[in-house]
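**Student:** Chain residues, written in single-letter form:
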Amino acid sequence: MERVYLDYAATTPVRHEVFEAMKPYLNEAFGNPSTLYSYGEEARDAMEEARRDVAALVNSTSGDIVFTSGGTEANNLAIKGAALALQGTGNHVITSAVEHHSVLGPCHSLERQGFEITYLPVDCYGRVDPDDVKKAIKGKTVLITIMHANNEVGTIQPLAHIAKIARENNVYFHTDAIQSQGHIHVNVEELDVDLLSMSAHKIYGPKGIGALYVRKDVKVTPLLDGGEQEGSYRAGTENMPGIVGFGTAARLIKNETGADAARLSKLRDYLIARLHDSIPDIYLNGHPSDRLPGNVNISIDFVEGDSVCLDLDLEGICAATGSACTTSSIEPSHVLLAMGRNKELAHGSLRLSMGKWTKKDELDRVAEALPGIVYRLREISPLYK
Amino acid sequence: MERVYLDYAATTPVRHEVFEAMKPYLNEAFGNPSTLYSYGEEARDAMEEARRDVAALVNSTSGDIVFTSGGTEANNLAIKGAALALQGTGNHVITSAVEHHSVLGPCHSLERQGFEITYLPVDCYGRVDPDDVKKAIKGKTVLITIMHANNEVGTIQPLAHIAKIARENNVYFHTDAIQSQGHIHVNVEELDVDLLSMSAHKIYGPKGIGALYVRKDVKVTPLLDGGEQEGSYRAGTENMPGIVGFGTAARLIKNETGADAARLSKLRDYLIARLHDSIPDIYLNGHPSDRLPGNVNISIDFVEGDSVCLDLDLEGICAATGSACTTSSIEPSHVLLAMGRNKELAHGSLRLSMGKWTKKDELDRVAEALPGIVYRLREISPLYK
Amino acid sequence: MAGRFSEYSEKVLAYFKNPRNVGVIKDAGGEGFIGDPTRGVTMELYLKIDEGIILDARFKASGCGATIAATSLITELIKGKTPEEALFITEKDISDALDLSERKQYVAELGRELIEAAVNDYRSKKT
Amino acid sequence: MAGRFSEYSEKVLAYFKNPRNVGVIKDAGGEGFIGDPTRGVTMELYLKIDEGIILDARFKASGCGATIAATSLITELIKGKTPEEALFITEKDISDALDLSERKQYVAELGRELIEAAVNDYRSKKT
Ligand SMILES: Cc1ncc(COP(=O)(O)O)c(C=O)c1O
Ligand SMILES: Cc1ncc(COP(=O)(O)O)c(C=O)c1O
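If you read the protein sequences in the order shown, they are chains A, B, C and D.
One rule links them: number in the working numbering = place in the first sequence (from 1) + 124.
One rule links them: number in the working numbering = place in the second sequence (from 1) + 124.
One rule links them: number in the working numbering = place in the third sequence (from 1) + 1463.
One rule links them: number in the working numbering = place in the fourth sequence (from 1) + 1463.
Simulated from the structure, these hints should not be mistaken for lab results.
Computed footprint of chain D on chain B, listed as stretches where at least three residues anywhere in the stretch have a Cβ under 8 Å from a Cβ of chain D:
| id | stretch |
| --- | --- |
| 1 | 417–428 |
| 2 | 441–454 |
| 3 | 467–481 |
| 4 | 499–508 |
Restraint ranges, calculated between C-beta atoms of paired labels, are given here:
| id | chain 1 | residue 1 | chain 2 | residue 2 | range |
| --- | --- | --- | --- | --- | --- |
| 5 | B | G355 | A | E172 | 34 to 42 Å |
| 6 | B | G355 | C | D1499 | 24 to 32 Å |
| 7 | B | S413 | A | E380 | 55 to 63 Å |
| 8 | A | S186 | B | H400 | 41 to 49 Å |
Since the structure is predicted, the reported quantities are computational estimates derived from the model, not experimental observations.
Beta carbons are placed, not taken as given, at the ideal position from N, Cα and C, and that holds for glycine.
The task is simple: from the sequences and hints, build the whole structure.
**Tutor:** Right under this line is the structure:
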């Protein structure tokens, strides 16, 4: 039985072209871009080409791209780095309740260091109201960080609107674009952001490499001190194969974004319709249209998402739930709770995220398997009477 | 003309076996170890095997190994992480004047946050005197960080002795073992360290992956907040190919350390002798015997190291100098200055670092080329009268 | 978005795939209810007890795979025992029988409480 | 341990490999000394000046490849010029002639100062 992979939002396979581009840097071309002429020059050229490709994906220039070890580091660098750099002028940060843990984590860490954080609410689709942003701004606000598209429910935020407010109030604006980059149009100028986080393994590149766009003259205190790599924004010997892989992945996806998005949006709406037709008591999470092309997220009443995923997995289908197992219970998704779902429905969430290689017949397999699974689990469930 | 690579201390080529081990994670096996059953399980197993291999290289257990994005991050995590975790109990850190920038950088950053740092002097061979460590300890000392072997001059520090002092005084002890791991015997129990930094690209593994050994119950505040990866010491989707590559590199080098060290020590002493015989006014930097097997570092009077390296490079030989070009001058190596070399000699340093594939005839080529280069540059130099 | 299924043993998977004794018993001699749907774990246990022997046991459960597996396992473990004997089933018995991972120990703990609740209910009904 | 040679242009490399006019001129009409051996950059320029024309120029230099290249280049640039004309050589002239990278601009700056020093020495000797 062929496996059906519907967890592209978690991580994507590496494209073959990406692997081929990385290969030399895992074999003979082992130079360190910071040293040496003959070996280092090739490495440096390849690195700068990759930087241009990554920059181009979000319409920035290569001088503004800092490579990091992934999206998590990019978010940490942006948030803690900007907050620390501006510590003298204020200590208030605005974010939303539906951010990724790698944004909320740094915010909590800043809180422990005496910062005040405002976690803005969202509407039932997961959207931040720009008016709320405006109201939250104080004299001591130094940073606003609102994600571009949500990783669980796929909802796209009204970023340009929020950026305008940030600009008018002279506050840095960061966005976590890790789910949107390459999948929908992302343009640092149109969005007018100061900082934007990226990650390679969501666009068919390797894990362990990401980037932070830092607009010229925006101040960020480094997280990793040491050598002068990455314009002194980030010390450490450069992950050459990763950087070259990221560059290739960015270059390839750039021209495919439009067509992929159109195809996936159709598949997405097809799957949503089929599931609605065949399973009672399910609810779409996130915005019905203003959402990532490849994202389907439903709450299935009376069952726990973890058990649904396990059953799907046993049928060869990889999916995800927003529920997180801890050592004493299962935590419902903070995103769904913030959107006003009750805890029971928040527990029953299932994310099916599609990508470049998703075929319609794979969705058909899901649409055929899921009703039986839900039926079975509801029969066992004491919540289903 | 075959290139002669004598900059193994900067970075090493990736072993073919390492590349082969990484390949599946850059192709079909793209699972995320934190998610999913079928895909994730394989990734998780491979990750834990790699963790065991990395642990074994320094005689620790896999539960104590935290993967990082490289040696620089490992040093930053150890130093800033431990200092911040212990902030309540004290704010004094002891280090040495000859540490790598990725240790000095975090120390400077702590200084800016109100910590007091003691930079211990070294003797003419680059060694820290354990008595100085003892004298430097105060009531508010929370951390001692002294490297195992120096990256420029190869000198090995009397670590076990220093660790004993740290233990007696109940102070955390960290060591940067990035130059020693795999090249000489490294054992966290014999050295009795609490924290130890490693990096894969110095032992024929890939760039962009490293590890921090954290002794059980040692407190370290994470640098990267977010998901619960790496036992919550380090958030971020795991760099699977890097981790698997590091594990393989560690496993392979473990059994070769003794034989490699014996062979390279001989080659090292051979090259030192030949250079001494053929070039006047050169001086060996570092300890004559208590040094890394593959490290040769000389100061060449009357010339600048940068120009020597460039000339060597033009003859197909890759080497390094301790001098660092800045935008207004060349900075002499801080390591050589700390060892008492005058600035002129510190400027004339040349590091030739050997590795697994270094052959005697390559050293002969250097021994033949270098005298002419030095002669030529001295003829141009106004310092040589 | 984490499933962390790789921590599930073959034994958990076997019970999860084919849970034995699903259902409720009307007018059960003893009933136990444990857990909280808002925390993602709910277990129900129904006992049919005659002449001091648990003749039949049925369950309903919602939660992670281990929760469903453990509740099903419990129905098997206690059938044929007296309520007093059932109380001797420990957290460790459940955990061992299912090869539960460290972070799933709480499921065994809840399972133990579930048995207790059902037996207590039986006792209170009897008197 | 950084060389950063990749920032060196072909022009720098050409002058570095085959520096023209290495040497000193005894009893030179003008001499310039710039730099500091403790900072890794030293340049010496010697001018032979007759009837107000720089007939010959020699140099010595120690430092990075760009330093050596720039000092050699300067000897070529100023030969045949009057000292006054030599002063019109700008930092940019040197930088452009060698395609210097941004972080090596200081070498062109020092080169400019070197010419000035030698011309000033010539003037002070003349009076
Ligand atoms: C929205 C969002 N932000 C941040 C991250 C973290 O990026 P990385 O996995 O590269 O650490 C992810 C994915 O894991 C994400 O989906
Ligand atoms: C002694 C020492 N510490 C730290 C590092 C930094 O490690 P990495 O290059 O993996 O960031 C290096 C090498 O660059 C080193 O030689």
